[in-house]
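**Student:** Now for the letters of each chain:
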Amino acid sequence: MEGYAINSLHELSRRQWLVLTLLGASAFIGLWYFLAFIGVTPQKFLPTPLDVVQRFFTLSTEPFVGMTLFGHLASSFHRFLSGFGLAVAIGVPLGLLMATSKVVDRIVTPLFESIRFVAPIAWIPFAALWFGTGMGGPVLIIFMGAFPPVLINTYRGSKYVDVKYLEAAWTLGASRFRVMTEVLMPAAVPSIVAGLRVSAGLGWQSLVGAELIAASSGVGYMMVKGQQSIDTSTVMSGMLAIGIVGLLIDILLRKIQERVSQR
Amino acid sequence: MNAVKNILNVLVSVAGVLLVWLTLTTWTGIIEPNRFPNPMEFWVSLKQIALQGYGNGKLHQHILQSVILVTTSFLVASTAGVTLGLLMGASRRIEAFVNPVFLTLRPIPPLAWIPLAIVWLGLDNSAKVMVIFVAAFVPSVINSYAAVRSIETPILEASAMLGIRRWLHWKEVLIPASLPLIFTGLRLSLQASWTTLVAAELIGALLGLGSILNQAAQDIYPAMILVGMFSVAVCGWLMTVLLGLIERSAMPWRATP
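Just so you know, the sequences run in chain order A and P.
Residue numbers for the first sequence follow my numbering, so the first one is -2 and each next one is one higher.
Residue numbers for the second sequence follow my numbering, so the first one is 6 and each next one is one higher.
Treat the hints with care, since some could be wrong.
If you want the footprint, here are the derived chain A segments under chain P, 3+ residues with CB under 8 Å [claimed, not checked]:
id	segment
1	96 to 107
2	205 to 211
Derived SDA-like pairs (lysine to any residue); straight-line CA-CA distance at most 20 Å [stated by the list, open to error]:
id	chain 1	residue 1	chain 2	residue 2
3	A	Lys99	P	Ala20
4	A	Lys41	P	Trp125
5	A	Lys99	P	Gly209
6	A	Lys41	P	Gly127
7	P	Lys10	A	Lys41
8	A	Lys222	P	Gly209
9	A	Lys222	A	Gly240
10	A	Lys99	A	Lys41
11	A	Lys156	A	Trp167
If you're looking for bench data, these hints aren't it; they were derived computationally from the structure.
Note that beta-carbon positions come from the ideal geometry of N, C-alpha and C, so glycine has one too.
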């Protein structure tokens, strides 16, 4: 009993860790198989793990609602890049501008604050109204998800820059553009990249939401079609694909973040 | 003095936003009325839904439906999530056992669970409870876990050396030290729950703020779309403020910023 608080934080040996991890994984898969086999629900509602993996591979080679899984993924990713790129292209310069100009700050902040609390997904009706089922709708939703973290982090990162550097730059007669690009921007890069990670996550997730409602291709659309025909293994394959791509995006940005903070 | 200044600032900002809005719609017509409503249309629609109702209910019925659903599911999910997170933080064995499942499910965004929830549970409340649960669970676990792990070892060693009992160790050391990060997790959980619920209601619901959006989109009724978005934002904001108040009263020893 005594000293348990310390004991419980002792590192496990490699073997213990491996055994427990394997136990945990097999308990999960075992329970899943068990539930699927005793037939609490028909198989179309709860396929076995193996069914899902098989479905994942068939979807990768055979088209489903117009495209293979990778086709849908490519279409989703294309939208993601456009929305995310737009958010970065507007958010970073605007954040820097707000940090250097009180006027811009005063104008943008209230507009931004009133829009920020609207969940990105709530823009879907306007997205549909303005862009139909075209490319613009999902891009708008991703933008709404990805934009706030980029702007906030750029702004905060620039605000933390030591005033001395700014004063030096201004007194030496640097233009606003040069202060933004040569003083604020380099100093704010770590904060900006941290913001990019958050906004990529939010953007990817908003995209999936948008595709569930207003799209005619993409992984989200594929899942909705699977849902409508009660094809649970297709829905689960979609979740798997979304999870993997989201994870890859995050790993990529984390590598960039590590590289940036090492400098 | 500061409070007065803050209120004045807010009033000026609101007036500014209204002014920009009026200029773009009513006065110059840069934005066409069938694309985005002007303030007058917004007001008329707000009155319509509050007094006569729209899409199966009046505004307060929609709000109650969404807010009650989100609060109860959020409470259940975050209680479960915080408990699991604390356990994972306090014991390496539990962490090793749970991690493979948790790490697999974690990258799947909450919104991606909606189709599965509909397949399993249909369009009624239980499907929404399921997606809110998933949305709120993950951030609670991650942050409470990180909270326990970030407690400095000397504190744990001191409490162990003094021969503290197990439940007192939790009550007096682990949980209070973890509270700040736990609340960070709760705030993320609440935001995720709210977004997910709105999305789920957009896809299929008879009542709720998301269903206003869906109905208004089908009727091509821009002013009502804006009323829906406005209500979503105000409710989300109010819940965040409320959680902030709870956070402050839960940790009286922290200096208020």
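**Student:** State for each hint whether it applies.
**Tutor:** Verification of the supplied hints:
1. Against chain P, the segment 96 to 107 of chain A contributes 3 residues with a C-beta closer than 8 Å to a partner C-beta. That satisfies the three-residue criterion, and the hint holds.
2. Counting residues of the segment 205 to 211 of chain A whose beta carbon lies closer than 8 Å to any beta carbon of chain P gives 4, which reaches the threshold of three, so the coverage claim holds.
3. At roughly 18 Å between alpha-carbon atoms, A:Lys99 and P:Ala20 fall within 20 Å of each other, so this suggested pair holds.
4. At most 20 Å may separate the alpha-carbon atoms for a hinted pair to count; A:Lys41 and P:Trp125 meet this at roughly 10 Å.
5. Under the criterion of a C-alpha separation no larger than 20 Å, the hint pairing A:Lys99 with P:Gly209 is inconsistent with the structure, at around 45 Å.
6. Proximity of A:Lys41 to P:Gly127 is assessed by CA-CA distance (about 14 Å); at most 20 Å being required, the pair is judged to hold.
7. Restraint check for P:Lys10 and A:Lys41: not satisfied, since their Cα atoms lie roughly 61 Å apart, outside the 20 Å limit.
8. With a C-alpha separation of about 15 Å, the suggested pairing of A:Lys222 with P:Gly209 holds against the 20 Å cut-off.
9. Restraint check: the Cα-Cα separation between A:Lys222 and A:Gly240 comes to about 19 Å, which is no more than 20 Å; the hinted pair holds.
10. Distance hint between A:Lys99 and A:Lys41 is unfulfilled; the C-alpha atoms sit about 59 Å from each other, more than 20 Å.
11. Distance hint between A:Lys156 and A:Trp167 is fulfilled; the C-alpha atoms sit about 15 Å from each other, no more than 20 Å.
Checked against the numbered hints given earlier, this structure breaks hints 5, 7 and 10; the rest are met.
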